[in-house]
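S.K.: Following the hints, complete the assembly by docking chain B onto the known chain A.
Chain order of the listed sequences is A and B. Per the numbering used here, the first sequence starts with residue 5, numbered consecutively. Per the numbering used here, the second sequence starts with residue 5, numbered consecutively.
Hints in this document: simulated from the structure, not taken from any laboratory. Where hints are given, some of them may not hold.
Listed next, the in silico DSS-like pairs over lysine-lysine satisfying Cα-Cα at most 25 angstroms (straight line) [to be verified]: (1) A/Lys-27 x B/Lys-193; (2) B/Lys-121 x A/Lys-105; (3) A/Lys-27 x A/Lys-86; (4) B/Lys-87 x A/Lys-87.
Number of protein chains: 2
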Amino acid sequence: MENIFLKEKIRREALIIDNNIIKVDHFLNHQIDVKVLDQIASIFFDYFKNRNITKIVTIEASGIAIACSLARFLNVPVVFAKKVSNINDNYYACQVFSYTKQTLNNIVIDKRFLNDKDNVLIIDDFLANGQAVLGLLDLVKQAHSQIVGVGIVIEKSFQKGSILLKKQNIDLLSIIQIQEIVNNKIIFKGEI
Amino acid sequence: MENIFLKEKIRREALIIDNNIIKVDHFLNHQIDVKVLDQIASIFFDYFKNRNITKIVTIEASGIAIACSLARFLNVPVVFAKKVSNINDNYYACQVFSYTKQTLNNIVIDKRFLNDKDNVLIIDDFLANGQAVLGLLDLVKQAHSQIVGVGIVIEKSFQKGSILLKKQNIDLLSIIQIQEIVNNKIIFKGEI
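Excised from the complex, chain A in its bound form (with noise of 0.2 angstroms):
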């Protein structure tokens, strides 16, 4: 399964703003089409399928509905981890700062749900700055979990996201990464 259908719907559909926000809300973060999701889903499932994953983690609200579209296709669970107000011992818990929204969360997964037995693969829709899969990362380490990879839709390249992922050596599989936008016109990696 190949990318480039997604490439021609970002394309032809995203709503681009001030050469930086990339809005794919007809599709993933408000109006979900799942019939994309599971093209989506299919190519991780190409890149990770033989490497034991025992859970997929991702964050609410917009990981949930990708992460559980791959779960058919891996037959594992979802863990999604939640954004609370209050932290208690029974989590795996640390901060995340929003750069979108400018504010500082606490993300949590109950221990119940990971643990040193578990190889875990982290999907998100975006990544930017990497704040949210640093924190997933974070969380999966808490619990002594395995991490095989992060599996990220959308991978806007010329923020630092993806450059921390890799100093850390994880395997990280973007399937649309944008190398810039200019005039408010997507640039894919790979194109002149």
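M.R.: Frame of chain A; chain B shown alone:
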């Protein structure tokens, strides 16, 4: 498809707190078992399949996974209402009080994703006081969409949500109806 598997699962595995709170974090609200979700979705599908549904509407975060599962059966998009700090004219918006969290939230749906041609099925995980579902109904009415019905996984029949929906003549399917909780033991509707 019957609901007996789900009753048994809830009776066996749900965490009950203070004869009031029912936690099903292990398959629905934190960890997600997509096989269970697909069984739940097939019950919704059997009931609502011939009703020309064009959109499934739910609310972030826990409704998304169920709605996406059902979307595969019905072959329609999901639109999930978002909780936001600020509203603007691009959105249908209303305020919803969360009894669980004791907070008032703005919930919104982008006007691009619902209109007067849509036949909408509302899906959510729990029905207790009904505030979330009433908020979703409000948004759907603002869009002048038709309301086909409401599908709920677990209804706490001892709280007022189901009565409020019936007063509005809403076609409500609650797969599991909990009559009461005594000594932290669940009594399903119809049980003595």
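S.K.: Against this structure, judge whether each hint is valid.
M.R.: Structure-based check of each hint:
| no. | hint | result |
| --- | --- | --- |
| 1 | A/Lys-27 x B/Lys-193 | violated, 45 angstroms |
| 2 | B/Lys-121 x A/Lys-105 | violated, 33 angstroms |
| 3 | A/Lys-27 x A/Lys-86 | holds, 23 angstroms |
| 4 | B/Lys-87 x A/Lys-87 | holds, 13 angstroms |
In this structure, the earlier hints numbered 1 and 2 are contradicted, and the remaining ones agree with it.
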